[in-house]
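A.B. asks: Sequence:
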Amino acid sequence: MLPAVASINGMQVKEYVQGLIDDSKLRVEKIGSGNWYWCFGSEEKREKEKAKVQLEKEIGRMQKVTKDLEKEQERIQKETAAAGADAAEEEEIERKTLTTVKDELTTEVQRLKKDEDALLAAGAGGLERKKEEIKLWKQDAYIWTDNISILEQYLNKLAGGDRNTVEAVLKDCYGDEYVEGEGLRELPLQID
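Mapping the sequence shown onto the numbering used here, position 75 (from 1) lands on 75, and the numbers just tick up by one.
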């Protein structure tokens, strides 16, 4: 009726009414073939009071957080002021400690340099001696390898070619050094 009586565009009325319905300020119910609209002032008042209470709670919470932050700021300022006075004293103690450590390390470096010089002076003879020892150990290793090979052949002969018996005896003798199907594990001899 409003568009015809007040000369207002019907679409504008429809959009405005739909906006009121979307904002929950107006109720609509279809009765028969028409739509009936109504609103209650008490509902709007209740919603406003609910929003007000919620905002008051939020304000109270924000005020509490603000007070806590102000207390924390004051505490930090006090600690910073106290730390400023103690900082100079702590720096002096730390400087003395670091100086002592530096002196100890300097002494240790000098001692190690002396040891290094002594080793380098005796190093030529010591290195040659070590090389000779390594050659002797290699020769011993080859001799023992040959001895083990000879003993394995003798064991084969005693067992009469029974592989299972030979494998069992070798496994028992070699322990962890035994490799299945190969016998004694090869030792790496990479030192020249």
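Treat the hints with care, as some may be off.
[Unchecked claim] Computed cross-link-like contacts, DSS-like style, restricted to lysine-lysine with a CA-CA straight-line distance of at most 27 Å:
#  : residue 1 : residue 2
1  : K114      : K131
2  : K25       : K45
3  : K14       : K25
4  : K50       : K78
5  : K78       : K67
6  : K64       : K50
7  : K45       : K57
8  : K64       : K25
9  : K157      : K171
10 : K52       : K64
11 : K135      : K113
12 : K64       : K78
13 : K113      : K96
14 : K113      : K130
15 : K71       : K57
Hints listed in this document are in silico derivations from the structure and should not be mistaken for laboratory results.
A.B. asks: Please go over all the hints and tell whether each is borne out by the structure.
C.D. replies: Right, here's what the structure says about each hint:
As the CA atoms of K114 and K131 are separated by approximately 25 Å, the hinted pair is consistent with the 27 Å bound. Between the alpha carbons of K25 and K45 the distance comes to roughly 11 Å, so the proposed pair stays at or under 27 Å and holds. Proximity of K14 to K25 is assessed by CA-CA distance (about 15 Å); at most 27 Å being required, the pair is judged to hold. Distance hint between K50 and K78 is unfulfilled; the C-alpha atoms sit about 42 Å from each other, more than 27 Å.
A distance of roughly 17 Å separates the Cα atoms of K78 and K67; the hinted pair therefore holds under the 27 Å criterion. Our distance criterion of 27 Å between C-alpha atoms is met by K64 and K50, whose separation comes to about 21 Å. Proposed proximity of K45 and K57 is supported: the alpha carbons are some 18 Å apart, at most 27 Å. As the CA atoms of K64 and K25 are separated by approximately 34 Å, the hinted pair breaks the 27 Å bound.
Distance check on the hinted pair: K157 and K171 sit about 17 Å apart at the alpha-carbon level, within 27 Å; holds. Between the alpha carbons of K52 and K64 the distance comes to roughly 18 Å, so the proposed pair stays at or under 27 Å and holds. Taking the CA atoms of K135 and K113, the gap is near 31 Å; set against the 27 Å cutoff, the hint is violated. Proximity of K64 to K78 is assessed by CA-CA distance (about 21 Å); at most 27 Å being required, the pair is judged to hold.
The straight-line distance between the Cα atoms of K113 and K96 is roughly 26 Å, inside the 27 Å bound, and the hint therefore holds. For the proposed pair K113 and K130, the alpha carbon gap of about 23 Å is at most 27 Å, so the pair holds. Of the supplied pair hints, the one linking K71 and K57 holds, its CA atoms being roughly 21 Å apart against a limit of 27 Å.
Against the hints set out earlier in the document, violations occur for numbers 4, 8, 11.
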